[in-house]
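Q: Residues in the sequence shown are numbered from 27 upward in steps of one, following the numbering used here.
Don't take every hint at face value.
What the hints assert, rightly or not - Now the in silico label distances, taken between C-beta atoms and shown as ranges: (1) Q96 - Y126: 25 to 35 Å; (2) A248 - D174: 25 to 35 Å; (3) D103 - G152: 25 to 35 Å; (4) E251 - A171: 36 to 46 Å; (5) Q93 - T164: 37 to 47 Å; (6) P252 - G223: 35 to 45 Å; (7) R249 - A91: 30 to 40 Å; (8) P252 - K220: 36 to 46 Å; (9) P184 - D124: 15 to 25 Å; (10) A91 - Y126: 35 to 45 Å; (11) E143 - V104: 12 to 22 Å; (12) L186 - G132: 39 to 49 Å.
It should be emphasised that the hints constitute simulated quantities derived from the structure, not laboratory data. In this text, all values refer to a predicted model and were calculated from it rather than measured experimentally. Backbone N, C-alpha and C fix where the C-beta goes; we use that ideal spot for every residue, glycine too.
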Amino acid sequence: MLRMRLRAAESAKERFAQAIAFTALLAGTAALASPGGPGVGLTSARGPAAEAVQDLDLRGSIFPAAQATQLVWDGADVDGDGQPDFANPTGQETRGHDAYGYGEYGARRDGGSRRHEGVDFVADAGQTVVAPISGYVTKIGFAYAGDDDLRFVEITNPALRYAARVFYINPSVAVGDTVAVGRAIGKVYSLQGKYPGGMTDHVHLELMDKGRRIDATEVLVARHEPLTEVAVAD
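Turn these sequences into a full structure, and let the hints steer you where they fit.
A: Spelled out as structure tokens, the structure:
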């Protein structure tokens, strides 16, 4: 029985090889028969072979098309109510390397004299920024002394004992406001004026757990899911 299966497999391989060889032969014939092809006195009429080559396409079966995907961020559920307690403030990927370094937590800054205390999420200037946690707006401050444009919003959740600071935004909330995770808190402010020469526009997120800074990607996990097509009415 095993020998019969092996012979069957070999026969299938032989048939596939023959099909590839036949396709190559047809392609050569079609090239010779095409107008402007090399040679003297060759007909320019399309024949059955050329039409067969045009209709024959094995790429779809041998190399299936890649599935389009979209980036999705899942927030951890720390209170056990079945709902995420964290959200990516921009919904985009983390900032990779650019002219000013990396955007990951703990990345080197100032030649290694200090470490990056947050996670940078890529952003488009002017896009909406959402609250990374639920809570109260406890502070709106300036990212840099003497720069009134680049501000941050601080949100505190006393029940979960988490706090978050979201930098480089134009706030749409005020101190004392209650915000829900995933709800709008402002717009992205471009960093190109402050950091010319290649810094990626981003939102800097600092997350604290009971007063201790943590890596936001510990509670925000990225994954890719198939992109679903949305039907558009005529």
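Q: Next step is simple, just say for each hint if it's right about the structure.
A: Hints versus structure:
no.: 1; hint: Q96 - Y126: 25 to 35 Å; in the structure: 28 Å, holds
no.: 2; hint: A248 - D174: 25 to 35 Å; in the structure: 34 Å, holds
no.: 3; hint: D103 - G152: 25 to 35 Å; in the structure: 31 Å, holds
no.: 4; hint: E251 - A171: 36 to 46 Å; in the structure: 43 Å, holds
no.: 5; hint: Q93 - T164: 37 to 47 Å; in the structure: 44 Å, holds
no.: 6; hint: P252 - G223: 35 to 45 Å; in the structure: 38 Å, holds
no.: 7; hint: R249 - A91: 30 to 40 Å; in the structure: 21 Å, violated
no.: 8; hint: P252 - K220: 36 to 46 Å; in the structure: 38 Å, holds
no.: 9; hint: P184 - D124: 15 to 25 Å; in the structure: 37 Å, violated
no.: 10; hint: A91 - Y126: 35 to 45 Å; in the structure: 38 Å, holds
no.: 11; hint: E143 - V104: 12 to 22 Å; in the structure: 21 Å, holds
no.: 12; hint: L186 - G132: 39 to 49 Å; in the structure: 23 Å, violated
Violation of the numbered hints given earlier is confined to hints 7, 9 and 12; the remaining hints are satisfied by the structure.
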